[in-house]
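Please take these sequences and the hints and turn them into a complete structure.
2 protein chains.
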Amino acid sequence: MKNKIVIAVDVMGGDKSPGVVIEGIELFQKQHKVANLYFKLFGKKSEIESRVEGRFAKANIEYEIIDAPNVVLPDDKPSLVIRNKKDSSMYMAVVAIKNGEADAMVSGGNTGALMVVSRFVLGMLANINRPAAITVLPKIEGQFAILDLGANTECSSEFLVQFSIMGTAFARAVMMVDNPSVALLNIGSETNKGKDSLKEAFISLSQNRDMINFDGYIEPDSLIHSSIDVVVTDGFTGNILLKSAEGVFDMLKDTIRKALKSYFFPISSLISKYRISKEMSRFDPALRNGAILIGLNGIVVKSHGKSDARFFANAIKVAYYAVHNDINSHIVNSTEEII
Amino acid sequence: MKNKIVIAVDVMGGDKSPGVVIEGIELFQKQHKVANLYFKLFGKKSEIESRVEGRFAKANIEYEIIDAPNVVLPDDKPSLVIRNKKDSSMYMAVVAIKNGEADAMVSGGNTGALMVVSRFVLGMLANINRPAAITVLPKIEGQFAILDLGANTECSSEFLVQFSIMGTAFARAVMMVDNPSVALLNIGSETNKGKDSLKEAFISLSQNRDMINFDGYIEPDSLIHSSIDVVVTDGFTGNILLKSAEGVFDMLKDTIRKALKSYFFPISSLISKYRISKEMSRFDPALRNGAILIGLNGIVVKSHGKSDARFFANAIKVAYYAVHNDINSHIVNSTEEII
Numbered sequence: 001m002k003n004k005i006v007i008a009v010d011v012m013g014g015d016k017s018p019g020v021v022i023e024g025i026e027l028f029q030k031q032h033k034v035a036n037l038y039f040k041l042f043g044k045k046s047e048i049e050s051r052v053e054g055r056f057a058k059a060n061i062e063y064e065i066i067d068a069p070n071v072v073l074p075d076d077k078p079s080l081v082i083r084n085k086k087d088s089s090m091y092m093a094v095v096a097i098k099n100g101e102a103d104a105m106v107s108g109g110n111t112g113a114l115m116v117v118s119r120f121v122l123g124m125l126a127n128i129n130r131p132a133a134i135t136v137l138p139k140i141e142g143q144f145a146i147l148d149l150g151a152n153t154e155c156s157s158e159f160l161v162q163f164s165i166m167g168t169a170f171a172r173a174v175m176m177v178d179n180p181s182v183a184l185l186n187i188g189s190e191t192n193k194g195k196d197s198l199k200e201a202f203i204s205l206s207q208n209r210d211m212i213n214f215d216g217y218i219e220p221d222s223l224i225h226s227s228i229d230v231v232v233t234d235g236f237t238g239n240i241l242l243k244s245a246e247g248v249f250d251m252l253k254d255t256i257r258k259a260l261k262s263y264f265f266p267i268s269s270l271i272s273k274y275r276i277s278k279e280m281s282r283f284d285p286a287l288r289n290g291a292i293l294i295g296l297n298g299i300v301v302k303s304h305g306k307s308d309a310r311f312f313a314n315a316i317k318v319a320y321y322a323v324h325n326d327i328n329s330h331i332v333n334s335t336e337e338i339i
Numbered sequence: 001m002k003n004k005i006v007i008a009v010d011v012m013g014g015d016k017s018p019g020v021v022i023e024g025i026e027l028f029q030k031q032h033k034v035a036n037l038y039f040k041l042f043g044k045k046s047e048i049e050s051r052v053e054g055r056f057a058k059a060n061i062e063y064e065i066i067d068a069p070n071v072v073l074p075d076d077k078p079s080l081v082i083r084n085k086k087d088s089s090m091y092m093a094v095v096a097i098k099n100g101e102a103d104a105m106v107s108g109g110n111t112g113a114l115m116v117v118s119r120f121v122l123g124m125l126a127n128i129n130r131p132a133a134i135t136v137l138p139k140i141e142g143q144f145a146i147l148d149l150g151a152n153t154e155c156s157s158e159f160l161v162q163f164s165i166m167g168t169a170f171a172r173a174v175m176m177v178d179n180p181s182v183a184l185l186n187i188g189s190e191t192n193k194g195k196d197s198l199k200e201a202f203i204s205l206s207q208n209r210d211m212i213n214f215d216g217y218i219e220p221d222s223l224i225h226s227s228i229d230v231v232v233t234d235g236f237t238g239n240i241l242l243k244s245a246e247g248v249f250d251m252l253k254d255t256i257r258k259a260l261k262s263y264f265f266p267i268s269s270l271i272s273k274y275r276i277s278k279e280m281s282r283f284d285p286a287l288r289n290g291a292i293l294i295g296l297n298g299i300v301v302k303s304h305g306k307s308d309a310r311f312f313a314n315a316i317k318v319a320y321y322a323v324h325n326d327i328n329s330h331i332v333n334s335t336e337e338i339i
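Residue numbers (full-length UniProt numbering), protein chains in the order written: chain A, 1 to 339; chain B, 1 to 339.
Please keep in mind that the hints were generated in silico from the structure rather than gathered at the bench. None of these values were measured; they are calculated from a predicted model. One or more of the hints may lead you astray.
Simulated crosslink set (PhoX-like; lysine-lysine; CA at most 20 Å straight-line) [claimed, not checked]:
no.: 1; chain 1: B; residue 1: Lys278; chain 2: A; residue 2: Lys253
no.: 2; chain 1: A; residue 1: Lys278; chain 2: B; residue 2: Lys77
no.: 3; chain 1: A; residue 1: Lys195; chain 2: B; residue 2: Lys77
no.: 4; chain 1: A; residue 1: Lys261; chain 2: B; residue 2: Lys77
no.: 5; chain 1: B; residue 1: Lys258; chain 2: A; residue 2: Lys278
no.: 6; chain 1: B; residue 1: Lys273; chain 2: A; residue 2: Lys253
no.: 7; chain 1: A; residue 1: Lys193; chain 2: B; residue 2: Lys77
no.: 8; chain 1: A; residue 1: Lys273; chain 2: B; residue 2: Lys278
no.: 9; chain 1: B; residue 1: Lys273; chain 2: A; residue 2: Lys258
no.: 10; chain 1: B; residue 1: Lys77; chain 2: A; residue 2: Lys273
Pulled from the structure, derived: some chain A residues nowhere near chain B, Cβ distances all over 12 Å [to be verified]:
no.: 11; residue: Lys40
no.: 12; residue: Lys45
no.: 13; residue: Ser46
no.: 14; residue: Glu53
no.: 15; residue: Lys58
no.: 16; residue: Glu101
no.: 17; residue: Phe120
no.: 18; residue: Gly123
no.: 19; residue: Asn179
no.: 20; residue: Glu200
no.: 21; residue: Asn213
no.: 22; residue: Glu246
no.: 23; residue: Ala286
no.: 24; residue: Lys317
no.: 25; residue: Asp326
C-beta atoms are modelled at their ideal positions from N, C-alpha and C, and glycine is treated no differently.
In C-alpha cells, the structure reads:
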C-alpha cells in the first residue's frame, strides 16, 4: 500500500448509515477515478460485506473491512465513548490514523464524540490548543474558508489567533491561495465593537501582519463582496452564520420555485428554472460538505449527519485533498514561523 | 394636539440626512395618509426649513421644526454625547418623549449613542434591566420577531428571560399574535448544547411556561420552517444572524440577476424577473427597516443609517404602530404577571 492514500471510513456514522456511506464512496470513485486510493471500512463486517460485495470491485474501489462491533450513537456522551466504546467504528477509525494505518478518517457520526475521541487519540499539532471545524463557503466572487463552525462554543483570543494561523495554512494548502487575507468576524468594523476576546485577538493579529495577512474585522453582509479568504470566529457564531445562510438559501429557493410555478408561461418558466439552477449550483450544500477538524495531529473530516451519498462523496474529497496537499505540514510550518 | 400621535424625528441622523429623512416622512404620509399624526422635526432649523417649505403643506403633513444646533456624529462616544451634546437633534428628540411632548422618536444616527442617551434620559420599564433592539423578519410562511439585534453584545440568562417577556409583548401588540411561541436561538436543539447563559435561561423559561409560551431551542436553519413567533438571543448573535441573512439574500439576488441576463430568451427572462421580484418583495429590507429599542420607558426607533427614503418611511411606520398599539403597556402588564 505504499504510495496509496488510505482513508479510514466510519461506515456506521450518520443518520442513514451504512447505506449512504457506502453509496458515497462509490460515487466519489465514479466522479474522480482516483488511482492511488485505498479505503479501510470500519463497522459491522457482516452488514458491510453483503452491501459492498461485487459492487466495489466493479467500481474499481480497493478496500478492506475492519470489523468494529460497537457503534457511537447520536446522543452518546463523548467521555463515555472514550471509556466504553473503544470497539466502535468511529473510535477504531481514528486509532487507525494514530497507528499509521490510515492517512485520514471520515465520519458522519456524533460531532462531540468525534471531536473528543480525535483529540484524545491523536493529540494536537504543536502550538495548537484546540481543534476547530473549517470549511469553504461561496462569496459573490470566489469563496472563503471559515472556522470555527462549532467545535468550540466559546473562544479566547489565543484560540482566535491560532485559528487564524490554521486558516491561513488551510487556504494555502487546500484553496491554493498564496497569501490569504484573514479577517475576524464581528458586528461592526470599528475597533471598539464586539467582545473582549475579539479586541484582544485584533491587537495580537495586528502585531503579526508580517506573518498573517490580517485585514481587521468583517461583518457577514460585507463579507460576500469582500476579498477576504479566511474568516475567523468562535464555534457558536460560526455555526449561527452557517445555519442562517442555509436557512435563507432554502427560503429563497422555495420562493423562486413558487415564482416559476407557471401555468401561463411554461416555456419561460422552464428556461428560467434551468438557468437559475445552473447559476445556483455553486451554492449546492452537497458540494460544500465535509469540515476538517483542523489542529489535530491527523486528518479527521466530519460529514453532515443527515447527508445523502453526494454529501458523503464530497467529504471524502475533502479528506483526499487534505492528505494529498499535506495540510498539517503547512500548519506546523506556519506555527513555527509565527509562535 | 390632543388625540394626535406625535413623532419626534432626529432629522440630522444617518448618512444621507437631512434629505433622506425628509423624503421618508413625505413618503410615509403619501403611503399611509394617517390623519392623527404630528411631526416634531429636530435639527438645524435653517437647513430644514428651506427643504420642507411648501412641500410638507402640499402633502398634508403637520409639523413644526425645533432648532437643534448640534449633531451627533457616527463615531461620537456615547458618554461624550451625554455630557457635551445635550443640544443635538438626537438628544433633544429623546428629551421630547421624556417631557411628554412626543410619543415616540425615530433616528438613523449613531446606534451606541442612541442607546445610551435613550437609557439615560428615559430610563427603563419596571423589571427590565437593558433595552434590546427588536424587529420582524420573514419565514417561509409568515414572520417572526427577533431580539436582541445588537444593543447588548453579551447577555446573562436574566437578560434573555427579560427579552422573552418583551418579545412576547411585542408580538401581541405589533404582530397581533395572541399566544406567541418563544424560542432561544442555539446551535443545536439538545439541552446540553450552547453557552451557559442559554442553558440557565432554558431552565428559567421552562419553569414559566404558564406565562411564556416557551418552545425550547431553535437553530437558524430550522427557524424558517418553524411556527416560532419570537426568537431570543444576545445582541452579538442576533446581529450576525441578521447580517448573514442580508448577505446571502444579496448574493442570491445577484445570482438570479446573472441567470436571467438573457440575450437569447428576452421574453422568458422578463416574465421570470417580474414574477421572482414580485415573490421576493416580501423580503425587501426597506419594508423591514426600523428596530424598536424595546424596554425603555418610551418608544425609540432606530432606522438603518445607510437607508433611503423607503427605509425611513418604514421606520416611521414602526414608531406609529408601536404608539398606536401601546406596546409599552403590554410589556409592563406582562412583566407584572411574570416577575
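Hint check:
1. B/Lys278 with A/Lys253: holds, 14 Å
2. A/Lys278 with B/Lys77: violated, 48 Å
3. A/Lys195 with B/Lys77: It holds: about 17 Å lies between the C-alpha atoms, which stays within 20 Å.
4. A/Lys261 with B/Lys77: Violated, at roughly 52 Å.
5. B/Lys258 with A/Lys278: holds, 11 Å
6. B/Lys273 with A/Lys253: holds, 15 Å
7. A/Lys193 with B/Lys77: holds, 12 Å
8. A/Lys273 with B/Lys278: Holds, at about 16 Å.
9. B/Lys273 with A/Lys258: holds, 13 Å
10. B/Lys77 with A/Lys273: Cα-Cα ~50 Å, so violated.
11. Lys40: holds, 30 Å
12. Lys45: Holds: least Cβ distance 31 Å, greater than 12 Å.
13. Ser46: holds, 32 Å
14. Glu53: holds, 37 Å
15. Lys58: holds, 37 Å
16. Glu101: Answer for A/Glu101: holds, closest chain B Cβ roughly 33 Å.
17. Phe120: Given a closest Cβ separation of 19 Å, the condition holds.
18. Gly123: Since the minimum Cβ distance to chain B is about 25 Å, A/Gly123 lies beyond 12 Å and the statement holds.
19. Asn179: About 24 Å separates A/Asn179 from the closest Cβ of chain B, which puts it past 12 Å; holds.
20. Glu200: Per Cβ check, A/Glu200 is outside 12 Å of chain B; nearest 14 Å; holds.
21. Asn213: holds, 22 Å
22. Glu246: violated, 4 Å
23. Ala286: holds, 15 Å
24. Lys317: holds, 23 Å
25. Asp326: At about 31 Å from chain B, A/Asp326 clears the 12 Å cut-off, so the statement holds.
Going through the hint list in order, the structure does not satisfy hints 2, 4, 10, 22.
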